[in-house]
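Please construct the entire structure, taking both the sequences and the accompanying hints into account.
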Amino acid sequence: MTDPTISDSYSHPTAEELSLFLSRYCARLLGAGATCIRLEKNATRIARAYGMELELTIMPRHIHLSIWRDGHTGATTAIATMRHCATSFDINTRLSRLSWEIADGKLDFHSASRQLDRIGKISTHPTWATLILVTIANAAFCRLFGGDPAAMIIAGIATAVGFHIKTCLLNRNVDTRAAFIACSFVSTILGATDTLFSIGDTPAITIGTSVLYLVPGIPLLNSFSDMLYRHYLCAISRAADATILTGCLSIGLCAGMSLMGIGMF
Amino acid sequence: MLYQTLQDALFAAIAATGFAAISNPPRQAYIYCAILAACGHAFRFILMSASFAGINIIPATLIAALTIGFLAVLMASHARFPAETCLFPSLLPMIPGVYAYKAFGGLALCLFSESSGGFTTNFYLLAYNSLTCCAILLCMVVGGTLPIFILKKISFQATR
Chain A
1 MTDPTISDSY
11 SHPTAEELSL
21 FLSRYCARLL
31 GAGATCIRLE
41 KNATRIARAY
51 GMELELTIMP
61 RHIHLSIWRD
71 GHTGATTAIA
81 TMRHCATSFD
91 INTRLSRLSW
101 EIADGKLDFH
111 SASRQLDRIG
121 KISTHPTWAT
131 LILVTIANAA
141 FCRLFGGDPA
151 AMIIAGIATA
161 VGFHIKTCLL
171 NRNVDTRAAF
181 IACSFVSTIL
191 GATDTLFSIG
201 DTPAITIGTS
211 VLYLVPGIPL
221 LNSFSDMLYR
231 HYLCAISRAA
241 DATILTGCLS
251 IGLCAGMSLM
261 GIGMF
Chain B
1001 MLYQTLQDAL
1011 FAAIAATGFA
1021 AISNPPRQAY
1031 IYCAILAACG
1041 HAFRFILMSA
1051 SFAGINIIPA
1061 TLIAALTIGF
1071 LAVLMASHAR
1081 FPAETCLFPS
1091 LLPMIPGVYA
1101 YKAFGGLALC
1111 LFSESSGGFT
1121 TNFYLLAYNS
1131 LTCCAILLCM
1141 VVGGTLPIFI
1151 LKKISFQATR
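Protein sequences appear in the order of chains A and B.
Mapped onto the numbering used here, the consecutive letters of the first sequence carry residue numbers 1 to 265.
Mapped onto the numbering used here, the consecutive letters of the second sequence carry residue numbers 1001 to 1160.
Just so you know, the hints here were simulated from the structure itself, not pulled from any lab data.
Careful, some of the hints might be misleading.
The calculated DSSO-like cross-link candidates involving lysine-lysine, where the alpha carbons are at most 27 Å apart (straight line), are [claimed, not checked]:
#1 A:K106 / A:K121
#2 B:K1152 / A:K41
#3 A:K41 / A:K121
#4 B:K1152 / A:K106
#5 A:K106 / B:K1153
#6 A:K106 / A:K41
#7 B:K1153 / A:K41
All values reported here derive from a predicted model rather than from experimental measurement.
What follows is the structure, given as structure tokens:
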């Protein structure tokens, strides 16, 4: 008779092994900016693939999970702290695929563990590439709001400088809120050159769009998505984060406009 | 009208591609984000244009977001991404950023108002901009997420 606490861990991990694996998995997935419903579905899928049941409590910065095997009375509990990293749909995609590979029996437990480690080491896109793409995007955004070519160029320059400062400040572990105020302030000052030197015909649009790259769109969308699935705690937390960052953006914007003597409306 | 619509689609596609870079999607996802944003934003543009339907920005956003949502679910299952990977960056060009910071600007002006007339005007700006911003956001997310909810089976099996 085999001891149920000793695992045939290639195919049948113990509840303890699986809870540790899932706590790492969930912490990584939540940190990458996944919605709560996806986290629930993926984690439950993995647990069921190993013949176990899972209950999850998702808090804004922590995940609490309990796992038990069908027919056993004892449950194993683990608490994981969210792994903070930049929002990454690449990691989100890979972790979702991993959950299906486990569910479809394409990976044994050890391979899945190694795969999870590899996904954790994936680097983000090069900063310079992101900088160029965001610059062009904000210039295009300026055009969508009716900006002329001069406005697009100035908004692009304001974005490039602001985004570069943001990257430098966040790499030096400066508080995100302080970084947002500083970037918004600098971008506003640069965006205001259209008004000051009468370069183009749409200076108000230039200054308005020069800070839009800072609007925390993904956290806002995640927040509303969590709300629809009744994950109110995470929804409120994400909405609060996004509101605070939008507030910081506005503080920098108002300060920059006051300094340059430009009215908002 | 056709030229303006195509221009709107082009710039929305560029904006979505660039803003998608901030959220590190898989490289293959950029093209899907561009197509979805172009379709959705151009559709909203047509709905809002006076010569076509002249619909208010809020219901127009809801209809455009629903369109993007359904297309995202179908494309995601084809490309093996979670639907959010294509969906959220495609919605970003519709984020009401201008309303959001005008709302905060209104709040700041309210606090520094020296007369009741000035306060009333600024409070109107605060209320109008924040309500519009919230309504657009709600329509965007409800419209974008509803197709994931309706087509749950396809959405959550996309990465299989």
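Results of checking the hints against the structure:
no.: 1; hint: A:K106 / A:K121; verdict: 22 Å, holds
no.: 2; hint: B:K1152 / A:K41; verdict: 11 Å, holds
no.: 3; hint: A:K41 / A:K121; verdict: 23 Å, holds
no.: 4; hint: B:K1152 / A:K106; verdict: 23 Å, holds
no.: 5; hint: A:K106 / B:K1153; verdict: 21 Å, holds
no.: 6; hint: A:K106 / A:K41; verdict: 19 Å, holds
no.: 7; hint: B:K1153 / A:K41; verdict: 12 Å, holds
Every hint from the earlier list agrees with this structure, and none is contradicted.
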